[in-house]
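Those protein sequence lines, which keep their order, are chains A and D. Once you know that position 107 of the first sequence is 126 in my numbering, the rest is easy, because the numbers rise by one and skip nothing. Once you know that position 112 of the second sequence is 131 in my numbering, the rest is easy, because the numbers rise by one and skip nothing.
Any given hint could be a false lead.
In this list, chains with the same sequence are indistinguishable; a pair is considered to hold if it fits within one copy or across any two.
Unchecked claim - Below are the DSS-like pairs computed for lysine-lysine, each with C-alpha atoms no more than 30 Å apart in a straight line:
#, residue 1, residue 2
1, K93, K134
2, K93, K43
3, K93, K82
4, K134, K82
5, K82, K40
6, K134, K42
7, K152, K40
8, K82, K42
9, K43, K134
10, K43, K82
11, K134, K40
12, K40, K93
Hints were generated in silico from the structure; no laboratory data involved.
There are 2 protein chains.
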Amino acid sequence: ARPRVGYYYTGKTQSQLLTDKVKKMTVSAYESIPVVVQESSSAYDAICAMFLEDVGTLFVVNKDSVLTGALSRKDLLRASLGNQDLSTIPVSVIMSRMPNITLCHSDDLVIDVAKLLIERQIDGLPVVKETGKGLEVIGRITKTNITRAFVELAEGEFE
Amino acid sequence: ARPRVGYYYTGKTQSQLLTDKVKKMTVSAYESIPVVVQESSSAYDAICAMFLEDVGTLFVVNKDSVLTGALSRKDLLRASLGNQDLSTIPVSVIMSRMPNITLCHSDDLVIDVAKLLIERQIDGLPVVKETGKGLEVIGRITKTNITRAFVELAEGEFE
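The task is simple: from the sequences and hints, build the whole structure.
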C-alpha cells in the first residue's frame with residue numbers, strides 16, 4: 020500500500036528543483052530599458068547620457084536604429100585620459116564595434132547571461148531582436164539585474 | 020508503522036533548504052582583493068590604478084592605512100567632465116567620504132550585501148576590520164562577486 024504521508028515526493032533532488040527554478044529565469048523578466056546614442060554623438064554627449072539616465076552601459080545605433088556598438092564607463096574613462104576634447108571625439112571611435120559585442124535574446128536564461136558577463140569581463144549586454152535591417156536593441160541586462168535575480172532566488176521569491 | 024521509503028524527510032520546505040544554503044554564503048568566500056590609493060593621489064593616478072588593476076571601485080586611505088573614502092568609475096567620469104586637469108585634482112576632493120560609505124564585514128551574508136548594492140545603487144563595498152586607529156580595508160565585494168555567487172547558487176555548486 021502507498022504510504023499516507025502529508026507531502027508528495029516528486030523524485031527530484033534539491034538541486035534538481037533549484038535547477039528547474041533557474042531554468043525558468045529568463046532575460047525577459049530581469050532586463051532593463053536600453054539607453055542608446057547615435058553613432059554621430061560625441062564622447063562628451065555619451066557621458067552626459069550615462070549620468071542623465073544613470074546607466075553604466077550605452078548602446079550605439081545607426082540612422083536605421085540598428086546596433087553598431089557598445090560603450091562602457093571604462094571606454095569613456097579611457098577616452099578621458101587622453102588630452103583630447105571629449106566633445107570632438109565621436110563615439111564611433113571609442114566604442115566596441117559589431118560583431119565584437121556579446122549579445123543576448125529575451126528568451127535566453129539569466130544564468131547563461133551571468134556566465135557571459137563573468138567570462139568576458141563586461142558589465143552588461145544588449146538584448147536584441149532581429150529585424151530586416153539588422154539587430155534592434157530592445158533591452159539591457161547588467162550585473163545589477165543579476166544581483167536582483169540573486170536576491171530573488173536566494174529569498175525564494177521566485178516561483 | 021513508519022513507511023519505508025528511500026528518502027528522508029527533514030521537515031523543511033524547499034525554500035527553507037535554499038535559505039539555509041544562502042545563510043552559509045558569507046562575504047569571506049566571495050570577496051576580492053581591495054585596491055587602495057592614498058588621499059594625496061590625483062584623479063589621474065586613480066584612473067590609471069583602475070585600469071592597471073582592472074577594478075571599478077577604489078578605496079582611499081590616509082597615511083595610517085585607515086579608510087577615508089571610496090571612488091567609483093562614476094565619480095572619476097564626473098570629474099573628467101569638468102574642464103580641469105585631472106592630474107592636479109586630489110582624490111580627496113571627488114571621493115565619497117567616511118562616514119558616508121556603505122561598509123561590510125567578512126562574516127556578513129552575501130545576500131545582505133546584494134541588497135545594499137541594489138538599495139544604495141553602488142557597484143561595490145569595502146570589507147573592513149576595526150583596528151585601534153580606525154577601519155582597515157581587507158577586501159572588496161562588488162556586483163561581479165554577486166554574479167559569481169548567483170552562478171554557484173543557481174548551478175547548485177554551493178554545498
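Hint check:
With identical chains, the CA atoms of K93 and K134 are at most 30 Å apart both within one copy (20 Å) and between copies (25 Å). In this homomeric assembly, K93 and K43 never come within 30 Å of each other (Cα to Cα): the closest approach is 32 Å inside a single copy and 34 Å across copies. Taking identical chains as interchangeable, the C-alpha atoms of K93 and K82 lie at most 30 Å apart whether they share a chain (25 Å) or sit on different chains (29 Å). Within a single copy, K134 and K82 get their C-alpha atoms no closer than 32 Å, and across copies no closer than 39 Å, so neither meets the 30 Å cut-off.
Taking the closest pair of Cα atoms, K82 and K40 never come within 30 Å of each other, the shortest separation being 40 Å inside a single copy and 50 Å across copies. In this assembly of identical chains, K134 and K42 lie within 30 Å of each other by CA distance both inside one copy and across copies; the values are 14 Å within and 23 Å between. In this assembly of identical chains, the alpha carbons of K152 and K40 never lie at most 30 Å apart, being 36 Å within a copy and 47 Å across copies at closest. For the identical chains of this complex, K82 and K42 are neighbours neither inside a copy (37 Å) nor across copies (50 Å), given an alpha-carbon limit of 30 Å.
In this assembly of identical chains, K43 and K134 lie within 30 Å of each other by CA distance both inside one copy and across copies; the values are 16 Å within and 22 Å between. In this homomeric assembly, K43 and K82 never come within 30 Å of each other (Cα to Cα): the closest approach is 36 Å inside a single copy and 51 Å across copies. In this assembly of identical chains, K134 and K40 lie within 30 Å of each other by CA distance both inside one copy and across copies; the values are 17 Å within and 21 Å between. Taking identical chains as interchangeable, the C-alpha atoms of K40 and K93 are never at most 30 Å apart, the minima being 34 Å within one chain and 35 Å between chains.
Hints 2, 4, 5, 7, 8, 10, 12 from the list above are not met by this structure, while the remaining hints are.
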